[in-house]
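Q: For the record, the sequence lines run as chains A and B. In terms of this note's numbering, the first sequence opens at residue -8 and continues consecutively. In terms of this note's numbering, the second sequence opens at residue -8 and continues consecutively.
Certain hints may be false.
The list cannot tell twin chains apart, which means a pair is met if one copy fits it or any two copies do.
In silico DSSO-like cross-links for lysine-lysine, where the CA-CA straight-line distance does not exceed 27 Å [claimed, not checked]:
(1) 67 x 125
(2) 108 x 3
(3) 125 x 36
(4) 182 x 144
Calculated from the structure, these hints are not laboratory results.
There are 2 protein chains.
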Amino acid sequence: MDKVVDELELKKAGLAKDVIGEIAMSSDPGKTIKKWRALFRVSQKELSKELGVTSSVISDYESGRRRSPGILFLKKYVEALMNIEGRRGGEVLKGFLHMTESRSASSAIADIREFEKGVGLDEFCRCIGAQIIKSAEHPDEDLYGYTVIDSVKAITELSFSELSKLYGVTTRRALIFTNITTGKGPMIAIKVANLKPALVILHNIPLSEVSDVAKNIAGIEGIPLAICENVTLEEMVEQLKKLG
Amino acid sequence: MDKVVDELELKKAGLAKDVIGEIAMSSDPGKTIKKWRALFRVSQKELSKELGVTSSVISDYESGRRRSPGILFLKKYVEALMNIEGRRGGEVLKGFLHMTESRSASSAIADIREFEKGVGLDEFCRCIGAQIIKSAEHPDEDLYGYTVIDSVKAITELSFSELSKLYGVTTRRALIFTNITTGKGPMIAIKVANLKPALVILHNIPLSEVSDVAKNIAGIEGIPLAICENVTLEEMVEQLKKLG
DNA sequence: TCCATACTTCGATAATCGTCTAACGGATTT
DNA sequence: AAATCCGTTAGACGATTATCGAAGTATGGA
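Using the sequences and the hints given, assemble the complete structure.
A: This is the structure in structure tokens:
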């Protein structure tokens, strides 16, 4: 139950991101603000009541008299639209959220997240108890996200061009491969797809089993490599939530 | 050549949307602003020079002393980051833009766009010379975008769940089907996928050829239906650019 | 015509922004 | 150690902008 609510909230936040981004980059932000209010079929008065401001505030933003609404206002604005419409049955909201279903990652991606602030490479490894076996060229550069990949599913399900989905927003991230035997496959995939992650972690493999080919690729490409033993996938994902 | 530049600018604008949306919805906008500057490896000083403000302005936003940056500032902020880094070779920028390649629509979608403001149903039809053959329940409600679909490719390439990709941001849009014979296929697809577009246009088909099944589905589902004759796909796409 | 609803305009006041100045902490140099 | 540089942060002040509230227009019923 909790999880369903969380997913819904995540989707709503995702929609809000898109809306605010569109407003910000619009050539006429006021018109775009108005557009979204109209799409949710909410009146200025109803909205202003929900926001705790006068309706003239809404009007001023929509007319362009106030040219640069702050992000705190916009956040409240979009959330108020979704809340009002949601209370009335949420038909419009459902229409938007329905689309995001198909956006969900391929099942080969077990987890993917962006950090709000940079996380040090050492801090990242410490968090999940990973041990670095091939160190970085620039150990001081921060990470800004991670992707956990089931390497078997990735091979069977992802097309070559789809490999770039492993990169979320930024390439300065850790790629964590699970369900591996020697780590050779994932490192070859990284090489042929010309990916340059900031860190590669091989999950649940003893040091003695790590393929020499994997180590060599890491060395040549200058990609730091680490292994993470004696931690289940679930535990690791849980730990990673604490970062960033 | 022009087209390449346009596509690049579109991608950059898309990235800017994502960045601004992430900043706006972040629990700590200052940290997120800082994160993006760090990702582009630009100093406060360099950035402030590009923006024509003092570096303390940047500092204030990042520290959170100024809690709600306006969209005009954020737009300039993100564009400045991309410009500075782009001038230095744009390695980071290329990394981000590379990912957006795979986001491009399936080849079944010939064109897709969102309007910045609502467009009346009649205005839309007039723009491309379409003739309404099944009128709307609510003719006064505006459209907020359109999708042009090659119906043959849609059937061969799109999976059932992917049909929702036809809907861009909003469902209050026109779906324009090209490469059709009677319009029966597209309307059945709409019915089984439970889509409710605000308008369906059948491209390049005479009224006498329109299938009765198509008309009936439109009637039962309450979807306005129109046909668009004697206009090439290219001309239509060109005309549609003038809207919204 | 009157009334209700939805939205717009605009002046007075409160809040925020942008600049300048000064200071801080960490590196590097002397 | 002291001096210096660099990127960043904090205080104070005038300039700008946001908010409210009241009065206005526009539209569409009873």
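Q: Identify every previously stated hint that the structure contradicts and give their numbers, smallest first.
A: 1, 3
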